[in-house]
Amino acid sequence: MIGLGHYLVVAGGLFAIGLFGALAKRNAIAILMGIELMLNAVNLNFIAFNRFLAPAQVVGHVFAVCVIVVAAAEVAVGLAIVLGIYRRHLSTDVEHFDWLKW
Amino acid sequence: MSGFTLQGILANVYETGAFWLLSLVALGAALAVVGLKNIVHSAFSLVLSFVAMAGLFMLLEADFLAMVQLLVYAGAISILLVFAIMLTRRPEGKMQESNPFGRYALPAGLVAFFLFLAIAALVLRVSWVSGPGVPAASTVGPLAEAFLTTYVVPLEVAAILLLVALVGAIMLAGGGKR
Numbered sequence: 011m012i013g014l015g016h017y018l019v020v021a022g023g024l025f026a027i028g029l030f031g032a033l034a035k036r037n038a039i040a041i042l043m044g045i046e047l048m049l050n051a052v053n054l055n056f057i058a059f060n061r062f063l064a065p066a067q068v069v070g071h072v073f074a075v076c077v078i079v080v081a082a083a084e085v086a087v088g089l090a091i092v093l094g095i096y097r098r099h100l101s102t103d104v105e106h107f108d109w110l111k112w
Numbered sequence: 028m029s030g031f032t033l034q035g036i037l038a039n040v041y042e043t044g045a046f047w048l049l050s051l052v053a054l055g056a057a058l059a060v061v062g063l064k065n066i067v068h069s070a071f072s073l074v075l076s077f078v079a080m081a082g083l084f085m086l087l088e089a090d091f092l093a094m095v096q097l098l099v100y101a102g103a104i105s106i107l108l109v110f111a112i113m114l115t116r117r118p119e120g121k122m123q124e125s126n127p128f129g130r131y132a133l134p135a136g137l138v139a140f141f142l143f144l145a146i147a148a149l150v151l152r153v154s155w156v157s158g159p160g161v162p163a164a165s166t167v168g169p170l171a172e173a174f175l176t177t178y179v180v181p182l183e184v185a186a187i188l189l190l191v192a193l194v195g196a197i198m199l200a201g202g203g204k205r
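Chains as they are written, first to last, in this note's numbering: chain A, 11 to 112; chain B, 28 to 205.
Only chain A is shown next, with the shape it has when bound in the complex:
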């Protein structure tokens, strides 16, 4: 029987993989992919909690929809920033993005 704990462990694994991708990658687009994986893991958490702790309600689904909206806005603005930086410096490597260093 699959319980809440199984889903939470899977979501935790997805979150950890996404965090690793966001921290370890050099390509800015790959970092955005890692952030998307993390947001997706959070959605899985919300829906699993909703399904097992309050099945008659849809509060977790409401939160998940809000997370999806924020994720869509984030990826659109993030990719626009990446494209803007690329246009000026011809690179998407975050280790070249160091103009704020002193």
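One thing to keep in mind: the hints can contain errors.
No farther apart than 20 Å at their CA atoms in a straight line, the calculated lysine to any residue pairs in the SDA-like style are these [said to hold, decoys possible]:
| hint | chain 1 | residue 1 | chain 2 | residue 2 |
| --- | --- | --- | --- | --- |
| 1 | B | K64 | A | I45 |
| 2 | B | K121 | A | H106 |
| 3 | B | K121 | A | V104 |
| 4 | B | K64 | B | S165 |
| 5 | B | K64 | B | L114 |
| 6 | B | K121 | A | Y96 |
| 7 | B | K121 | A | S101 |
| 8 | B | K64 | A | H106 |
| 9 | B | K64 | A | S101 |
| 10 | B | K121 | A | K111 |
| 11 | B | K121 | A | L100 |
| 12 | B | K121 | A | E105 |
| 13 | B | K64 | A | V104 |
| 14 | B | K64 | B | P127 |
| 15 | B | K64 | A | R97 |
| 16 | A | K111 | B | Y131 |
| 17 | B | K64 | A | D103 |
| 18 | A | K111 | B | R130 |
| 19 | B | K121 | A | I45 |
| 20 | A | K111 | A | I91 |
| 21 | B | K121 | A | H99 |
| 22 | A | K111 | A | H99 |
| 23 | B | K64 | B | M122 |
| 24 | B | K64 | A | I41 |
| 25 | A | K111 | A | R98 |
| 26 | B | K64 | A | L33 |
| 27 | B | K121 | A | D103 |
| 28 | A | K111 | B | G129 |
| 29 | B | K64 | B | M113 |
| 30 | B | K64 | B | L75 |
| 31 | A | K111 | A | V87 |
| 32 | B | K64 | B | V74 |
| 33 | B | K64 | A | G13 |
Below, a sample of chain B positions facing chain A; criterion: calculated Cβ distance under 10 Å [stated by the list, open to error]:
| hint | residue |
| --- | --- |
| 34 | L37 |
| 35 | F110 |
| 36 | F128 |
Honestly, the hints are just simulated from the structure, not real lab data.
Idealized CB from N, CA, C, for every residue including glycine.
We have chain A; now place chain B onto it with these hints.
Chain B only, in chain A's frame:
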């Protein structure tokens, strides 16, 4: 769920099998997103991971969110990512090494690994009790009712956020200059 009838046991077996299959696909594809050297392959693995997640949402009886996941994540967001990949050039034009690890790959891996261990240890220590009630046959109606009554302010804020993000993305991508 439905006692010890043959149907109940079979449904249980199906649910368990589907859960493990979808979880393995989602986690394996996520690992491929991080591990693959070619960023186009990473993007395609990301789509696979999102589709498997939609299957998990289905198992959790969140039908509307499974469809939203397919449309927004597997459809729109991955298309945006692929377009961004197409519009940027690789360093020295080498596609095979377009998605390298950075300087901090080892500490990042350690942080992620120990975070997963901590989450798993905490989750498995608690004995979760299921709440009362049964999930609705379709979540579209209850979700619409919740969004248009109790959560109408978050809905409007989300709409404004999407509008602002859209305008901001157009401005940042250079659409306002010409």
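Each hint, compared with the structure:
1. Pair hint K64 of chain B plus I45 of chain A holds up; C-alpha atoms about 18 Å apart against a cutoff of 20 Å.
2. Note on K121 of chain B and H106 of chain A: the hinted pairing holds, with a Cα-Cα distance of about 17 Å set against a maximum of 20 Å.
3. Restraint check: the Cα-Cα separation between K121 of chain B and V104 of chain A comes to about 17 Å, which is no more than 20 Å; the hinted pair holds.
4. Pair hint K64 of chain B plus S165 of chain B does not hold up; C-alpha atoms about 41 Å apart against a cutoff of 20 Å.
5. For the proposed pair K64 of chain B and L114 of chain B, the alpha carbon gap of about 18 Å is at most 20 Å, so the pair holds.
6. A C-alpha spacing of about 17 Å is found between K121 of chain B and Y96 of chain A, which places the hinted pair at or below 20 Å, so the restraint holds.
7. For the hint linking K121 of chain B to S101 of chain A, the alpha-carbon distance of about 13 Å falls within 20 Å, and the restraint holds.
8. About 19 Å separates the Cα atoms of K64 of chain B and H106 of chain A, which keeps this hinted pair within 20 Å; it holds.
9. The straight-line distance between the Cα atoms of K64 of chain B and S101 of chain A is roughly 17 Å, inside the 20 Å bound, and the hint therefore holds.
10. The hinted pair formed by K121 of chain B and K111 of chain A fails the criterion: a straight-line CA distance of about 28 Å is larger than 20 Å.
11. Our distance criterion of 20 Å between C-alpha atoms is met by K121 of chain B and L100 of chain A, whose separation comes to about 14 Å.
12. Only pairs whose Cα atoms come within 20 Å are accepted, and K121 of chain B paired with E105 of chain A is accepted, the gap being roughly 18 Å.
13. Only pairs whose Cα atoms come within 20 Å are accepted, and K64 of chain B paired with V104 of chain A is accepted, the gap being roughly 16 Å.
14. Proximity of K64 of chain B to P127 of chain B is assessed by CA-CA distance (about 6 Å); at most 20 Å being required, the pair is judged to hold.
15. Distance hint between K64 of chain B and R97 of chain A is unfulfilled; the C-alpha atoms sit about 23 Å from each other, more than 20 Å.
16. Our distance criterion of 20 Å between C-alpha atoms is met by K111 of chain A and Y131 of chain B, whose separation comes to about 18 Å.
17. For the hint pairing K64 of chain B with D103 of chain A, the CA-to-CA distance comes to about 14 Å; that is within 20 Å, so the pair holds.
18. Annotation: proposed proximity of K111 of chain A to R130 of chain B holds, straight-line Cα distance about 17 Å (limit 20 Å).
19. Between K121 of chain B and I45 of chain A the alpha-carbon distance is near 25 Å, which puts this suggested pair outside the 20 Å criterion.
20. Restraint check: the Cα-Cα separation between K111 of chain A and I91 of chain A comes to about 19 Å, which is no more than 20 Å; the hinted pair holds.
21. Under the criterion of a C-alpha separation no larger than 20 Å, the hint pairing K121 of chain B with H99 of chain A is consistent with the structure, at around 18 Å.
22. For the given pair, K111 of chain A sits about 16 Å from H99 of chain A by alpha-carbon distance, which is consistent with the 20 Å threshold.
23. Proximity of K64 of chain B to M122 of chain B is assessed by CA-CA distance (about 9 Å); at most 20 Å being required, the pair is judged to hold.
24. Our distance criterion of 20 Å between C-alpha atoms is met by K64 of chain B and I41 of chain A, whose separation comes to about 14 Å.
25. The hinted pair formed by K111 of chain A and R98 of chain A meets the criterion: a straight-line CA distance of about 18 Å does not exceed 20 Å.
26. Proximity of K64 of chain B to L33 of chain A is assessed by CA-CA distance (about 16 Å); at most 20 Å being required, the pair is judged to hold.
27. Between K121 of chain B and D103 of chain A the alpha-carbon distance is near 14 Å, which keeps this suggested pair within the 20 Å criterion.
28. At most 20 Å may separate the alpha-carbon atoms for a hinted pair to count; K111 of chain A and G129 of chain B meet this at roughly 18 Å.
29. Between K64 of chain B and M113 of chain B the alpha-carbon distance is near 16 Å, which keeps this suggested pair within the 20 Å criterion.
30. For the suggested pair K64 of chain B and L75 of chain B, the alpha carbons sit about 17 Å apart, so the restraint of at most 20 Å is met.
31. Straight-line distance between C-alpha atoms of K111 of chain A and V87 of chain A comes to about 23 Å, which puts the hinted pair past the 20 Å bound.
32. For the suggested pair K64 of chain B and V74 of chain B, the alpha carbons sit about 17 Å apart, so the restraint of at most 20 Å is met.
33. At most 20 Å may separate the alpha-carbon atoms for a hinted pair to count; K64 of chain B and G13 of chain A exceed this at roughly 36 Å.
34. Restraint check, L37 of chain B versus chain A: the minimum CB separation of about 13 Å is more than 10 Å; hint violated.
35. With a cut of 10 Å, the hint placing F110 of chain B at the interface with chain A holds, because the nearest CB-to-CB distance is about 8 Å.
36. Interface hint at F128 of chain B: satisfied, since its Cβ lies 5 Å from the closest Cβ of chain A, which is below the 10 Å cut-off.
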